[in-house]
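J.: Put together the whole structure using the sequences plus the hints.
First to last, the sequence lines map onto chains U, G and V. Under the working numbering, the first residue of the first sequence is numbered 818, with each subsequent residue one higher. Under the working numbering, the first residue of the second sequence is numbered 40, with each subsequent residue one higher. Under the working numbering, the first residue of the third sequence is numbered 23, with each subsequent residue one higher.
Certain hints may be false.
Listed next, with one range per pair, are the computed distances between beta-carbon atoms [unchecked claim]: (1) Gln514/V to Ser914/U: 42 to 48 Å; (2) Trp101/G to Glu517/V: 48 to 54 Å; (3) Leu941/U to Leu252/G: 56 to 62 Å; (4) Leu941/U to Gly80/V: 58 to 64 Å; (5) Thr128/G to Ala313/V: 41 to 47 Å; (6) Leu941/U to Tyr230/V: 49 to 55 Å; (7) Val498/V to Glu88/G: 18 to 24 Å; (8) His1041/U to Phe56/G: 28 to 34 Å; (9) Val333/G to Arg1131/U: 58 to 64 Å; (10) Val498/V to Thr128/G: 33 to 39 Å; (11) Ser314/V to Cys193/G: 42 to 48 Å; (12) Arg435/V to Val326/G: 46 to 52 Å; (13) Leu941/U to Gln402/V: 35 to 41 Å.
Treat the hints as calculated values from the structure; they're not laboratory data. Quick caveat: nothing in here was measured; it's all calculated off a predicted structure. The C-beta atom is built at its ideal place from N, Cα and C for all residues, glycine as well.
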Amino acid sequence: MKEALEQVAASVPVATLHAPQDELSEPRVARPSERVVAPAAQSSKPMAAGGSRLQAWTASAAGLVIATVLLWAIAPELIAPYAPTQMDGSAILLAPSSRHWLGTDQFGRDVGSLVVYGARQSVLMAIFAVLISCSCGVALGLVAGYTGGACDMLLMRAVDVWMAIPNILLAIAICTALDPSLHTTILAVSVTAIPRYARVLRAQVMAIRARPFILAARASGASHASILRRHVLPHCSSTILVLATLGVGSAILLGSSLSFLGLGINDERPDWGYLLTQGRGYLTVAWWTVTFPGLAITLLVIAVNTLGDALRRRLEPRGAAGTR
Amino acid sequence: MMRRVLGRLAASVGVVFGAVTLIFLILNWLPGDPAALIAGDAASPETVEQIRAQLNLDRPLWDQYRDCLIGITRGDLGRSYVTREPVATRLLAQFPATLSLTLSAGLIALVLGVTLGVLSARFHGRWPDQLIQLSALSVVSVPPFWLGLLAILCFSVYLGWLPVLGDGGFRADILPSTCLGLVVSVHFMRMVRSNVLDQLHEPYVTALRAKGLGQARVFYVHVLRNALIAAVTLLGVVIGELLSGAVVIETLFARQGLGRVAVEAISQKDLPVVQGAILLASITYVVVNLLVDVSYVWIDPRLRTDSLRGAR
Amino acid sequence: MTDVTRPPSIEGTQRHRERCAAPWLALCAALVAVACGSRAEPVKSSAATEASSSPRAGGELIFAFDGAAVSQFALDPHKSAFAPHHRVMRSVFDSLIVAQPDHQFGPWLAKSWEIAPDGLSYTFHLRDDVLFHDGTPFDAAAVKWNLDRIKDPKNALIALADIGTYDSSSVIDPHTVRVQFSRPYAPFLANLSKSSLGMVSPTAARKYGDEFPLHPVGTGPFKFKSLQPATEIVLERNAAYHWAPSGAAHTGPAWLERIVFKNVPEEATRMAVLQSGQAGAVDLIPPQNLASLRTSRDYHVVEGELLNQNYSLYLNVEREPWRDPRIREAFKLTLDLDAAVRTIYLGTQARAWSPLSPSIFGYDKTLEHSWRPDPARAAQLLDELGWKKGADGVRVRDGKRLTIVFLDTQGNREKRLDLITVLRRQLRDNGFDLRIDTQPAGLYLAKSASGDFDLLAGSLFAPDPDVLRRTHSGKVRTVTSVSRADDPELNQLLEDGCNQLDDEKRKQIYSRAQHLIVERGYGIPAYVLMYSVAAARGVEGIAIEQHGFPVFYDAWIHA
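T.: Below is the structure:
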């Protein structure tokens, strides 16, 4: 009886134990960077009606936040009441009031206008960083997963090395190697994010590689490149989209940490991370100088993460190929 | 199994050397002259040249790299360009602080994450679950140093419960470790929650219940154990994130540690110190991953069976 | 019977889960209880302390200071020109003489001294009862050893600049030493009272060699105990101490048993550490907190001017277009430093008019309010020079934009970058495009040495106006000379000032020099630093000495 029970327990494919061969390079567990939320188990269970309404509500709220931030990034002049560079020496560290909705900072600048104008730098940095890291990482992952063999091993070892160096040290090294500018920050942030995409994509591609439709395509004479382009990539597109969306959040947070350590861009139109850094000594004296940029970052990252999770729920039903 | 472990070990050593090489390459593209920095304010160009020769900075890159590697294998990490003291001594004095911060943060993350994950799964769909999810989402979206600053203000200044600066005691480490571990605990929480939820709908659980096993036994012996296995896997991945976060936390809480040393050394182009720091960080990373991999063989009986079959 | 395809009953699972979750919750509660066990006890005043208002021996002071992001403390006074290190070293190393108000000097390790009529030698009569922390006696030979050590170029010590034309010393008898100069060196006594020329134990220095900065040995009221790199320095009372400088509140050993210096560069953290009670005192209070601390009943604040070559802006006069004094004048007139300093420092630091801080010998008061911002005149000058405003507001001449690259490496220490941010806006309104180029230390040195910048800024703590020579003299060029001025008239003045022993003549020389520096735009002074220390009510007696450094000798803690 006991043996029977244990046999049952032992034979069940518990989803999170993975194939012994490649723990270091391919755990099938959800990677923390993917910000896994509830699994698709919900789809197999009658969900409380309130739950999905809540999800719909949060998804639309997230969409609204993102749209607002994008509007700020594209046309700040339409929204902001003051120019962000305008320093009013007689209006230093004023609390939020009817003249300055979000108060003023230590330079006499209107915090609200700073937040609106700062959206552009933050958003640009995050989007470009994600574009670069995503393309490079996906390319690496595709090649590694599809080719297999020595090439795969080599690339995955490189990825291991990449991941063995703490993110922030790598970013700092790059930031100090080059002149401080938006490009440098984008480069530093994107380089640290590449291995994440590479690993996930590789796992996906390896799962797909042996599928019948791929073999059929090979048999009908399609070249590797076209297979990758027309069959493999579309299959992975949802994963890529989810990862990229979540990657935007990580990029913004890494950028703010770099600002804190003194590697931010001291521009006349500072980004949110730099605003946070400039104001951090005033938290007890003038909380609005820190809180509003901080809230802006937090809300945007929450919105982006929520969007990413919603995308994942819709695009990756349980049982589909790929990682959770 | 031995073969697998040895294979892992070899791969890990390769990873460590790869990391050191990568940093060597990046830093040697850094502009800036460590010799001028050491020579200091009062030095003449001749002195600067002298120092450059003393530090062997004028030799070809390949030679420097080779000597560096040879040194590492002998345990000699060289001397700091800036302070002239042996890197190994300096880093080994600083490393325990980072290690204890990181490991205690990991422990807090594990305990907190598993607890909340279990709670979340148990109250799945109801308000505790939603509250935990929302808090998790917020914690993970807040800039880390702002979180730390708010924690300092709240727990140290206003409430007066915990000290900020290290004083050698255990209480002084609670605040920084928790700040560091909080973000990581979210990953554990989500992992455990999704894992437990998945499992509770697996046929095997129903089967076991049908066979007459008590709720508690099913939960603790089987479901939770599998969830913990999943959480342990995450440790290997999360250690990198912990080491990274330690840099900001060490700066904010004015602690000594590898992170701060590395940051300052990078800006001073103190190559031996940076390499030493990266070496230690990557060793930590691979050791933790190695331990995680090896621990599977104990935890998962199937792997044991597999290897036996393979050996025959 | 249970249908195996349906999930297990929810109610049953829930009750069970309740029981499973309970132990976890209990564990959490227990952890929280342990953590909050005892509140940090702030050192607050109580009614009882009113009675015991005389110093008592004993106690440990935790002092959180802004040591900046150093990688290592270099506790060798001859080796470091970094003010935060000296704030610690002042307690470990004594000087031969102590600086007193009105540019006078009092006895310390030297009981008395004479200056030869030709000004080329000083004879010091030393105390005969002084011991170094390692037990070796302090004597004339030690003084000679110290000065020779500094002079030796092989040692490459920063203090070399402080001994000027020092030639040699001779030991007349065990407690009399004669110090010889090749030319009269007026700053000598002022520099001698600095901790930069503090007396180091020759035995220890020989014993530890290069590692001496990690094992400092002096004669001070506190001995070095231990340090943790970049984080903490622990000093312990020197029980044998009874050679306090004249003007101290008591003689005999210090009251405090131990001082723990904690390096906390992060402003917000430093304030949190004071307000949570973990530190008894902190320094360099940020302007936004200073006002409330000054009026608070729980803390008291001491402030003292740091004798300093004030933080000033230095245009690179070796580079176009800054060679032309007219454009420097335009630059200067565009700046509204009153407004900028008031904005950033909220009234806690004064605007600087002279490169020298007000308490330095030779400070020229006539420079105060001697010029006002005049952007209109500046615009006129720029137009005359051919710099016309372009489409985006930045002036252009022959296709070249009026860009100023400001090279920085210190970050926002003392809110310097914030000040530059305000000035940047003012400059932009008049067509200057200021770019802040923050570089790590290594690259900063390289770039400044090669002259690859338009603007530098910095300060240098010093008790004597001779500091102007180190900065502005074309004859003195070090790797980090901030001013590239090579003005023959200025060079001559600074040389004369250095050799002139007559006080009145010296004042005249330096008065002219200060005017030249400001009028010709070699250095534009910004603010005067007031060094501040805030202590909790129960911590008394922390003082700030003449040079602006904290003294803990008379400090004590209420029971």
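J.: Look at each hint and say if it fits the structure.
T.: Here is how each hint holds up against the structure:
no.	hint	in the structure
1	Gln514/V to Ser914/U: 42 to 48 Å	58 Å, violated
2	Trp101/G to Glu517/V: 48 to 54 Å	50 Å, holds
3	Leu941/U to Leu252/G: 56 to 62 Å	57 Å, holds
4	Leu941/U to Gly80/V: 58 to 64 Å	59 Å, holds
5	Thr128/G to Ala313/V: 41 to 47 Å	45 Å, holds
6	Leu941/U to Tyr230/V: 49 to 55 Å	53 Å, holds
7	Val498/V to Glu88/G: 18 to 24 Å	21 Å, holds
8	His1041/U to Phe56/G: 28 to 34 Å	32 Å, holds
9	Val333/G to Arg1131/U: 58 to 64 Å	39 Å, violated
10	Val498/V to Thr128/G: 33 to 39 Å	38 Å, holds
11	Ser314/V to Cys193/G: 42 to 48 Å	19 Å, violated
12	Arg435/V to Val326/G: 46 to 52 Å	38 Å, violated
13	Leu941/U to Gln402/V: 35 to 41 Å	39 Å, holds
Checked against the numbered hints given earlier, this structure breaks hints 1, 9, 11 and 12; the rest are met.
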